[in-house]
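Peer 1: The primary structure of each chain is shown beneath.
Number of protein chains: 2
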Amino acid sequence: MPVHHPRPVTIAVDAMSGDRGPDVVVRAACTALERHPDLEIMLVGPEDQLGECLRNNDAEASPRLTVSHATEVVAMDESPREALRKKKDSSMRRALELVKEEHADACVSAGNTGALVAKSRFVLKTMPGISRPAIVSAIPARGGHTCMLDLGANTDCTSDQLLQFAVMGSVIAEDLFGLSAPRVGLLNIGVEIIKGTEVIQEAGRLIANTALNYIGFVEGHDIFSGRVDVVVADGFIGNVALKTSEGAYAEILDILREEFTRGPARRAMALATRPILNTLRERLDPRRYNGASLVGLRGVVIKSHGNADEMALGNALDLAVLESQKGVPGQIGQRLAQLLPDREVP
Amino acid sequence: MPVHHPRPVTIAVDAMSGDRGPDVVVRAACTALERHPDLEIMLVGPEDQLGECLRNNDAEASPRLTVSHATEVVAMDESPREALRKKKDSSMRRALELVKEEHADACVSAGNTGALVAKSRFVLKTMPGISRPAIVSAIPARGGHTCMLDLGANTDCTSDQLLQFAVMGSVIAEDLFGLSAPRVGLLNIGVEIIKGTEVIQEAGRLIANTALNYIGFVEGHDIFSGRVDVVVADGFIGNVALKTSEGAYAEILDILREEFTRGPARRAMALATRPILNTLRERLDPRRYNGASLVGLRGVVIKSHGNADEMALGNALDLAVLESQKGVPGQIGQRLAQLLPDREVP
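Taken in sequence, the protein lines are chains Z and W. Take the first sequence: its position 258, counted from the start at 1, is 258 in my numbering, and no numbers get skipped. Take the second sequence: its position 25, counted from the start at 1, is 25 in my numbering, and no numbers get skipped.
FYI, nobody ran anything at the bench for these hints, they're computed from the structure. Treat each hint with caution, since some may be false.
Identical chains blur together in the list; that is why a pair holds if it fits in one copy or across any two.
[Said to hold, decoys possible] Quick list of in silico lysine-lysine cross-link-like pairs, DSBU-like style, CA-CA up to 30 Å:
(1) 86 to 326
(2) 195 to 100
(3) 125 to 86
(4) 100 to 326
(5) 195 to 125
(6) 86 to 100
(7) 195 to 86
(8) 195 to 88
(9) 195 to 326
(10) 125 to 326
Sequences are here, hints too, so could you generate the full structure?
Peer 2: Printed below as a string of structure tokens:
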């Protein structure tokens, strides 16, 4: 068997749009370059400011870490439409253009989600057969992970869009989790065929008609149950489900902390059980799951959490490397053509 | 201050519709009668079968536990429309009629949710100013509970319905949690005013225009954060959020079990920490939160989980007692008249 050499990857990182400023981006980039010897990173933002960041972090000498100039920054609370119209020399837009112009394989941004979706659509365009990009991420579940989409790019979806999400989610689960024929479920409020809105019922019929491994409707608790690999929902439902699960996890860690600090005997026990609680915290650490993919575009775009720290940003960069190496956009195109051959390209 | 004597309450219990059969209902009824000396319970179902259940549980002698005859049972998978049209002598319908005819203060059923919503609307009717009943329940949150509605009665909601839910949820939080001016939030995918669908944006404007203590949009994680007392959502979103949180909790208990059984040292530790884990399990035990209210009707209707055991059913019965004593439907009517005085009654 031939040894597989991962191909070199270049990532354009929007260094300016997160909540924490460019310093943490530079540090995350440096450690990512250590982890991936074939990786190159282009930091996008004002040359002066980023040059100083590089000097401050003793990183100005690396030939694999360069700066690409952009003068503007999209604010976290800016309306996506305004950002699209006015911020034409923003670090976010420039990073996407580097992918479009094939100077980079992937774009990573911790900026305003709505603006990133709007600018990605505008700069990179969606794949043939895809109407709108979707946000997809891995969620910790029994025995591994569940891949859920859309997590908030589209508040209202047609049944055809949900079908497109099913195809894209399936490709992501194959490429990122190494599954063959991942089990695809449609998020609903009951598993019976009569449940839910007309859009969801129609989407169920459309997905069942493909060669995807469709298991039918799933419910909120199935996201974590291990009985489904890809959970399809519109962006409103998906976003609520994601944030609800994050809230439930945070609440439980809080209760544990509270219970383990009631009186000295329990505090001693907490010390003894610390490794277990640390494992729990680690397994559920949202930073481990940082990096959601915008799929359906002609290029790899990774959205990092706005408040991501160095470790969290590192995970988003790793995801960008993996999706670039796997060629996710191309795979999605192929799969669409296979599964929906007769489809009119919108 | 005068001593408050709770007024006597009669509950009509649909003894036939749950997954576990009437025996568990009889046992739960017996222990509820012990807890509430002023309570009377009417078990609704086939006289013969329920008579035998009472004898088997040595409960046939209690003057506060009687049987009301009904021949039919609504199946768990029956379509609500069919159940409404065909099952006119069902235990579910008869229990609702006992409330309608003022023989009982409240109806409790562990049956088919859709059928219970449909039959409740048909038999009891909604309050003036309320278009459709909603399902509301308490969810464990930081420092107490959050009251969330709708949990699945209405898959699509208008902004006016969301406004009605806000009023009803506020009354429930006052009566059941003893809060004055509970904080009401509208579940959305971001707290910024531009987020979400048009229906939600309009609902936000409507609720902000009332004298309710409206705090604006909240997100999935806020359900558990303790920063909101009443979370308003349409029945699809609410149901997904509820089941997602249940799934997340179950997943965490699973991880803890797994971590505490890795090797003998950890198993010994699990033994020592058992009280803490039991507290955790107890605080999150879905049985403790069994019993969701159908609000907006001219009478108290409590939906128990279909698979409820004796303890869980007991909690649903306790909730029925509390809502009857508080006179929740009357309170909702008053609050609607106060908050929305100019409103046209639909």
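Peer 1: Compare the structure with each hint and give your call.
Peer 2: Hints and how they fare:
no.: 1; hint: 86 to 326; in the structure: neither (34 Å within a copy, 57 Å between copies)
no.: 2; hint: 195 to 100; in the structure: between (42 Å within a copy, 29 Å between copies)
no.: 3; hint: 125 to 86; in the structure: within (19 Å within a copy, 54 Å between copies)
no.: 4; hint: 100 to 326; in the structure: within (18 Å within a copy, 64 Å between copies)
no.: 5; hint: 195 to 125; in the structure: between (35 Å within a copy, 24 Å between copies)
no.: 6; hint: 86 to 100; in the structure: within (20 Å within a copy, 62 Å between copies)
no.: 7; hint: 195 to 86; in the structure: between (44 Å within a copy, 20 Å between copies)
no.: 8; hint: 195 to 88; in the structure: between (45 Å within a copy, 23 Å between copies)
no.: 9; hint: 195 to 326; in the structure: neither (37 Å within a copy, 34 Å between copies)
no.: 10; hint: 125 to 326; in the structure: within (20 Å within a copy, 58 Å between copies)
Comparing the model with each earlier hint shows violations of hints 1, 9; every other hint is respected.
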